[in-house]
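**Student:** Go ahead and model the full structure; you've got the sequences and the hints to work with.
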Amino acid sequence: MGVKYKVETRLPRPSIPGTGASVPIPQEEDVRALLAKGKTKPAVELAREIHKRCGWPESEALLVDAYAARIRSLLKTGLKEEAKALFELVRERYSSAAARLADVGVLVSASSGNLEELLRPLNDPAVLPEIRRAIECVVKGQVCDLSALAECTSLAADHPLRTAAAALLRAFAAVTVGPVEESALVLPEVSHRGPLASWKILVRAIAYFYQQDDAACERCLGIIDPDSAPARLVPALRTMLRTSTDKRLAPAAESLVALVCGSKVSLGRALQALDSAFETRVQEKILPGIQRAVAACEVAYPGLLERLRQHISVRALHLDLPARKVRAALGGASIKNAYFWRLYARSVESSNEPLEPLICAQWEQFRRHAVAEGWFGEKGPEAAALYLHMAELLLEVPAWTLERHRSRFAAHFSGFQEYYEDQPPVIREVEAKYKKVDPYFLSPSQLFERACAIDPHREAFEQWLNWAKQEFDGRVADSVAERWHQALPLHSQPLLHLMESAEKRGALNRATAFLAEAQKLDAVHPEVRRAALRLLVAQTGRHLRQRKPHLVEQDVAALEALPEAQLADRPAFLVALRWAGAVIRGDAELASSFFGQIGRLLGSSAAAILACENAAALGGLTRADFDRHVPQISQDPADSLVVATARVCVLGDDVGAPLTIPTAWHARLWQELTNTHGELESRQLEMLGKAALRTDQKELAYAASAAGLEMGGDQEARFLLLRARALPEWELDRRDDCIAATVELGRRQRDMSIINEAMELRRGRRNAMTNFFDWLDSEDWHDFSMTTEEIQEVLQHEKHSRAFPGNRHAPLRVPYRETVFLDDQELEKDDEPCALDDSNQLVPEMGQSREKRPKRVRRDLPGQGDLF
Amino acid sequence: MKTSRQANIQLNEDPREILGVPPDAGDERIRDAYLRKVKEHPPDREPAAFERIRDAYEVLRDPRRRALHMFLSADPHAPLVSLLPASSQQRKFAGPDPWLAVLREK
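Protein chains in written order, with the numbering used here: chain A, 223 to 1090; chain B, 1021 to 1126.
It is worth saying that the hints were derived from the structure and are not from the lab. For clarity, every value in this text was computed on a predicted model and none was experimentally measured. A portion of the hints provided could be inaccurate.
[To be verified] Which stretches of chain B does chain A cover? Using the computed rule of at least three CB atoms under 8 Å from a CB of chain A, they are:
(1) 1077-1090
(2) 1095-1103
[Said to hold, decoys possible] Not everything, but these chain B residues come out facing chain A in the computed CB check (under 8 Å):
(3) 1112
(4) 1115
(5) 1120
(6) 1122
(7) 1123
(8) 1125
[Stated by the list, open to error] SDA-like, lysine to any residue: derived pairs with alpha carbons at most 20 Å apart:
(9) B:1112 / A:436
(10) B:1112 / A:474
(11) A:657 / A:580
(12) B:1112 / A:477
C-beta: ideal position from N, C-alpha, C; glycine also.
**Tutor:** Spelled out as structure tokens, the structure:
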């Protein structure tokens, strides 16, 4: 510091004439800006120039501030001597600015490491608050030696800092040498606002750490002042808690971690690093990570090494990493025992990729090893559960894929020999036991059979039977039902299936025999009671077809004796059967009387006509046979046609004689359904929709689903499923969303019947994968579950989509028409809305001669038609 | 709309660990452990803990669910660090010096 810079403060700061305000210090902002940027040297030089020119007390203060910043900067860079010399010089030269330099003086004292000198000012009761704060700040952030603080002779023996430091010292020693009582952690001597408050929290954190209360420890670490000295222990503690993956610990911290936790923390960190490497999917990061993890495991936890290798192997297989490189990094092959195969199979199973039937080969490997290792017996319930699980997996695979795999498997599958290289003899022996590959695990039938043979129970047989029902050959399902009946003779479901099957084949006597057996087991079972009604109705239909009215009368009398036949509109159907008997006899008067009775029971002549049509169809009567016994419907009926039809649809479903809606009624029904709201109950809508689907009238079924969805409530799942069935084939995503939402809603409502229907629809469609749309859809066939939000999204979308989705594909059809049928008048009108003259023609044409039928103009309802 | 394949039963926790029974424990031992745990965590005082215990027992008491849990409980995508058993977290008391050394280190 040269003499030439010595400037006396001579003059007071002048005022601006007339205002009384002081003249601003020239370039003060520049000095402050330089200080803010940390450029302390040019700031000092500029401040010195300013003070030289002005010589005011304010310019001196500015210069002292610049010096103070410079001294701090020197201390920060470790130039303690230079800082001390500059401080002494400034203090000597600008004694008037002592207060401004007070905190800097504390820092200079602290930098010398002389605690006595640093703390001495605290003995003075009149010490400036700035100096006290500065000293406490240094104590908080820099003092690590509690014993030196506790024994500091420049402070009185009973000074709070000394007593607090002594108490902390004792507590710190206590928590690091053994378990402590809670009372030892209270430390009333340490103020929570004082400079040692963070020490108190640190002591508690260490105590919690040793008590294995990691959450409490982490809470303490979170509130330690990051500027305090104890904060230096936080990274090490977090590493030991495994809540930090920071790889860069200081040497002393590394030593502490190793000393306290042994090398297991190093292993934990290596495993965390390997997990991160796997996430990157970069081979160059993963392989060294594997080496480090394996090496750390060998040191820290040799007992875990094999399991770790297996997990790493499976991860590597999942990422398709080169096997030999992985094996080299692992220091050898992982053991291919049951644990490995289970892990591998689960890895494939839980991926988002479509399942391949080979997954069952992996589960088979698991089964072999699990049995050999004594996890479970070959004939134990666990083996049965595994067979069932494998069968369930196969059910997710489209039938055509499965068939293709099965046929190619024996020829091309070479087993898992490469997995058994470098395996110990005990593992190779297990594999050697199964020399010939038996691809039973690619056959759901064989898997179900094995599962049911080992552990016969209802759920297993139900699954097996449901699967068998999808097979083209109905005898497969019958065979399963027979096996079920043999294994569990007290179950009525197989008998009901056999009864239905016999009924469908027309073997009514056999069906009746099965029903009798089922009634013996459980006469009050609702399915058995329904089946009794249905079977008697079927028998009546046979007698009608055989033109045996006396037997029909006996059948109807038997039906009347059934309590189920008295429910709802069913008595009307019994009268309709009698009406059919009267028609066969040719008794017009009786037929007319029965017809009137039906009309009264159903409250509508249109409904009566439909009920009679249904009974006539059951009895094989043509329109010509009964035309004169049924009036023709008015072209403009007073009653709602859709209400009457829906009512008879429900009735037909109740008695097991599904109604076929006359084709000519479809347009009128569709129009009424789209224009009326709230007249039909949900079941009526559902049955109307199903009846429409039976004649492939998807537009009508779609309209029924729209009306049903509008009703909301618990039946939404049923109408979503109806919507799925009614959608045209190109609406792949919508259809799958509807099915998935139906399954999820069914799960939540515990409605197994709707779940089964939805699953069968999905499965049936996949098994019959024959067209372009199914092929398009084949990639995401495994997706099923949905969140509440996703269900709501599907529901809202379907509720708002009231129109049948045909128009969006209209452009696909335009070139076809324009180029080929441009001058075809009828086709040019295809896009017009459904015309009433067509829909008003309500006379059922069944049984009419071709000439008598009204000339039908082929018009699609909106959107009807095939894409190709 | 894409959704993901999900397991039918909750597999987040090992029911054997919850009941404190070894992997080879039979029906009787599982039941004893369940009753003991219920006494420790009665439903009126600790309903959440009780439900957890009951759910674990529900899985283990049914041989089929128990078997299914055996197959599906393996989680190949779990963090590798979860392989470390709890016993590996033993912590040695090392005295104050190594701790203070970290504080003194710049």
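**Student:** Hint by hint, say whether it matches the structure.
**Tutor:** A quick look at each hint next to the structure:
{"no.": "1", "hint": "1077-1090", "verdict": "holds (count 6)"}
{"no.": "2", "hint": "1095-1103", "verdict": "holds (count 7)"}
{"no.": "3", "hint": "1112", "verdict": "holds, 5 Å"}
{"no.": "4", "hint": "1115", "verdict": "holds, 5 Å"}
{"no.": "5", "hint": "1120", "verdict": "holds, 7 Å"}
{"no.": "6", "hint": "1122", "verdict": "holds, 5 Å"}
{"no.": "7", "hint": "1123", "verdict": "holds, 4 Å"}
{"no.": "8", "hint": "1125", "verdict": "holds, 4 Å"}
{"no.": "9", "hint": "B:1112 / A:436", "verdict": "holds, 15 Å"}
{"no.": "10", "hint": "B:1112 / A:474", "verdict": "holds, 16 Å"}
{"no.": "11", "hint": "A:657 / A:580", "verdict": "holds, 18 Å"}
{"no.": "12", "hint": "B:1112 / A:477", "verdict": "holds, 13 Å"}
When each numbered hint is compared with the structure, no violation occurs for any of them.
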